[in-house]
Each structure stands twice: as structure tokens, then as C-alpha cells.
Amino acid sequence: MSNPPNDGYYEAYWPRGARQQRTRPLAPRLKSLEGKTVAQLWDFLFKGDQVFALLEEGLKKNFPGVRFVSWREFGSTHGGEEKDALAALPQRFKELGVDAVISGMAC
Amino acid sequence: MLRASAVCEAAGYPTSSLTCEGFLRQAAATSIGLGMANIPVALVPGHIGNKSAEQLRRDILEVTTRAVIDNLTVTPATKGDTSEPGARDIVVTGGFKEVNRYFYEHEYSDGLPIVPPTRDDIEAFLRFTNRGADEVLGVLLPDKRAATVWSIAVNGVMAGCKPEYMPILVALIEAMCDPEYGVEHSGNTPGADTLIILNGPIIKELGFNYTQGALRDGIMANTAIGRFWRLYLRNVAGFLPHKTDKATFGNTWRVVLAENEDVLKEIGWEPNSVEMGFAAGDNTVTIARYTGGGALSSVSGSTPEQMLPYLADSVLRFNNWQITFTTSHGNGMLRPLVVVSPIIAETIARAGWSKAQVKRYLYEHARLPAWEFERQLRDWNIRGVWDLKDDVTAGRIPKVFYESDDPNRLVPIVWEPEDYMIAVSGDPLRNNAYVFAHNGFLGYPVGKKIELPKNWNKLLANANV
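Chains as they are written, first to last, in the working numbering: chain A, 1 to 107; chain B, 1 to 465.
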């Protein structure tokens, strides 16, 4: 694109702000789901109840000893009280012996 | 959902996040702001809302299950931090067209030309605030960037604002950073847009439109500040179309709605700012997100009893699926807004009605049969495992929603009369109104006082020379 003589000259600053979050490590993965307890977290949207039932079926076929803690145990992870609901999760997982988590639904 | 997964990962629990196909790019962009760019997701093919039971079964068992297993048992590849400019870096030099080309290509602009943010212009804005340029007002999701006074000035320049708008811009970003507002939800699929309501003497001092065409672009103060809001959401919060902004449709930004405080004073109704907890005469901004709504033409009558049925009926018609925010899912956070033109407000007030009485009327008359309320959410929308009886029995919502088993019983669409908001603006000599459908906790009303610089009058006088 050519710059006509009346196009001016500008030194323009970056309009964004510095990110405040550096990279954090993920939790270690499991060697297998066999004998493990998987928590189901749901935002109570988009047929998650049906999806979790199907996932239980599919995962049990691969790992007959896998156990599940239903989404009913945790309530919705989305909504007017999201922050409190999420803050309570680690303690609940400890109490329930959870090893891993499936979280839905982004739709 | 990803926020929940990030909390779990940080606590030491491996996660798999169930993600529909259209949301993979949003998940990738959002995960960076969460500090976990490699957080794994499990694909749900297509969109779940329109699958048959057979298709859903096939997709979950044949595609999603395998992905969940991988997510929980295979360590995802690391993704490092990407390098970015510093907060005060010049990113491009050149002519107007060159700067605009660069800003557009780097997703810094909204598609319209921006005013190049140069040091002289940025400093002119900074003179209109007592705050330091590096002061951080908050950290905004999804990008988790610092909301600094400097970046407010930069985006204000870009939007075409005048330097004297700066005190309003600062108050707006304070409101954006308020956790009660819920800015992190601004990319949700209904594509709601924020409405800014302005109150106080600053309306006249800065020349805002508060009469005919109150919500139309064309008046600089109303329009440029509305554009600033969207630019800040884009550049600092990080909401970008096709990435973190998942509006199915969306709109352009809304211009600022300034209340007609002359009329409010004449009829003895408190301005919106007082309802938000401020003193009459304070300069304030109020923000909330609205998914839509619409205009009511010709609200006719010479008494409240003749006019209010039309308003109540329209409140109901324009707030349909939004009643999800009235249930326990939304924690009763639906706040419908009704903007009435001065002639309507004057007619109602002349009969001795206060704003509170109008709200009470709307609460009592904008009601739905319970079966219709439940059909909207349970059968038509997204709430497969829910009904009003359960919510009331569990003490999650007020008893008024389940006073009998009669499916034809009428239930309100908000918890309390005070949940309604009423503002007065628009053409003083036309009897129209506008109902805004609120987005609940995904943009809850938040008000902030506008702090003026100590030498405001002098600065303003110089600016107007």
C-alpha cells in the first residue's frame, strides 16, 4: 500500500496489556484408569447427563474397574455461584478419593 | 468448563474437558489465559444440541471416549509462553494507512479505522485522571491481562474519544474488572452486548445525547465511548471473533445511554445512579449485558393502568429463554431493563406512581403459566434435568414459583420487584419504550462512580477552547 504525502507519520503504541498468567504445569497423568475414581463435573447444560452416562459405558468397557463420582455430587460448575463451587472442588475430591476429572460441556 | 478443569489441574487432578467441535479454537485461546495452554480437551463431534440419541451414542462411544482416555493417561506436549511486545512498546511506525493496516492485521482494531495511539495523544488522556499510568485496575479474563490506566488511554485514543472522556473510561474499566459483572462470560454464544448507562452532570458537560435517537450512533461522546468498550474487551480482556468471542450472531457495540435527568427531576423519580446506590448528582456509569430486546411503539393511554399492561406484556415477550437466569442455575440474577421515553414516565408519574410501584406492577403482571416457564427451559433449551418444583423444594428459589401443583399457576420472571430496572431517555415527545433482555450472571449490573481530576473545570475549559 503506498503512503500518500498527506498520510502523516505516527508512532503507535501497543494497545494490549501484559499477561499476568505464566504457564503452569498440568497435573501428572494416570498410567491407567483401571481401579481409579473419576469425578464428573457438569455445567448442567447441553445433555451432559446423557453424555456422562455414555462415557461411563465406554470407559467401563476399556477399564472394568473404573469408578465414577456422579455430577450430582458436585452441583453445577457454571452459574451465579461458579467461583464458590470451583473453590470447593479440591477438598471434595480428597474426601471422595477422586483420581481424575471429566468436565463438560463446552458447546 | 475450562475454568473448572484448570482448578482441578492446579490441585493435582488430571482432567479431560468435553468440547464440541465449534469450540475447539475458543478452548485453545482460553487455555492460554488460564496458564495451561496444553490443557487437553476431548472432542464431541458437531454440536450436541441437534443429535439424535443414536448419533450421540455413536459419537461419544466411538470418538469422545478414546479422547477422554488419552487426555487422562497421556501427558500433553508442553506449549511455552509466546513472546509479546511490552506494555509501552511502539509496535508500528508510519502513515495513517500503514498503522491501520498493521492494527487490523494484528487483530487490534474492529475493522473500522482507528486513531493511531501516539504518545502525545495518550498523554493528553492521562492528564484527565489523577491515577498513575501504570496503575492496574484489575486482571481480565480470558487473556488474563493487566487492565492499566495506560491501556485505557491507548484504547480511548483508538476509539476516537476525546481526552476529557477519560474519567468515564476509567470508571468503565473499574466496572469491567468487578467480579460481580462477570466479564469472563463475554464470549458466550448468545452474543450479548453491554449497555452503558450514564448519570450525572457530566452528561451535559460532555455533550451526550439523552433525547431523540438516544441509542443511535452519531453523537461523538455516546458513540466513541461505546466503541472504546468493545476495543478494550478485544485488546485487554482478549475477546476475539472466531476465537474467544463465540457470539453466534452478535452486534456492533451499543452507544452510551444517558438518562434524561431533567425529566427525572421534574417528575420526582430517582435516576438510575441512585438505584445503584449512589447519591443524586453523582457522575456514574452502570454496565450490564443484554442479549437483545426491542422497541415498543406507541405506548398509549393517559393513566398508568392504560399503559402498563403493554409494558408488562412486552417485558414477558422479550425475555423468553433468559428466564434460565431466574432459576437456581442463574441464582435469580435476571434484571430486565425497561427504558421509557419522557412522555411515558411523565404520564405515569403524574398519576402519583413511583418507580417502585411500576416495578411492583411488572413483577405482578409479567407472569407466565408455570408449564410454559418449564417448557421453555426444559423442553426447548438446555435444562434436561430440572423443574420449578425441585428448585423450590430444595430452597434454591423463592416459594412464589411453586405455590401449587396447578400447571396453569402464574409465576413471575424475576425474584423480586426490585430486579426490574427502569431508565428514562429518548425522544421527549414520542411515547415509545425499549425492553432489554438481560444476560443474568453473564453481565450483571454493576455501577461505578466517575472520579474527576482535581482540576476538572480548568481542564475542561481548556479542552473546549
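No lab work stands behind these hints: they were computed from the structure. The beta carbon of each residue, even a glycine, is placed where N, CA and C say it ideally should be. Keep in mind that a hint or two might mislead.
Examples of chain B residues lying across from chain A (beta carbon under 10 Å, computed) [stated by the list, open to error]:
{"#": "1", "residue": "L61"}
{"#": "2", "residue": "V154"}
{"#": "3", "residue": "W380"}
Handout entry: Interface hint status, L61 (chain B) versus chain A (Cβ within 10 Å)
Key = Nearest chain A Cβ about 5 Å off; hint holds.
Problem - Interface restraint verdict for W380 (chain B) against chain A (beta-carbon cut-off 10 Å) - result: For W380 (chain B), the interface hint is violated, since the closest Cβ of chain A sits about 14 Å away, which is over 10 Å.
Problem - Minimum beta-carbon distance criterion (10 Å), V154 (chain B) to chain A - result: With Cβ-Cβ at 5 Å, under 10 Å, it holds.
In summary, the structure is inconsistent with hint 3 from the numbered list given earlier, while agreeing with all the others.
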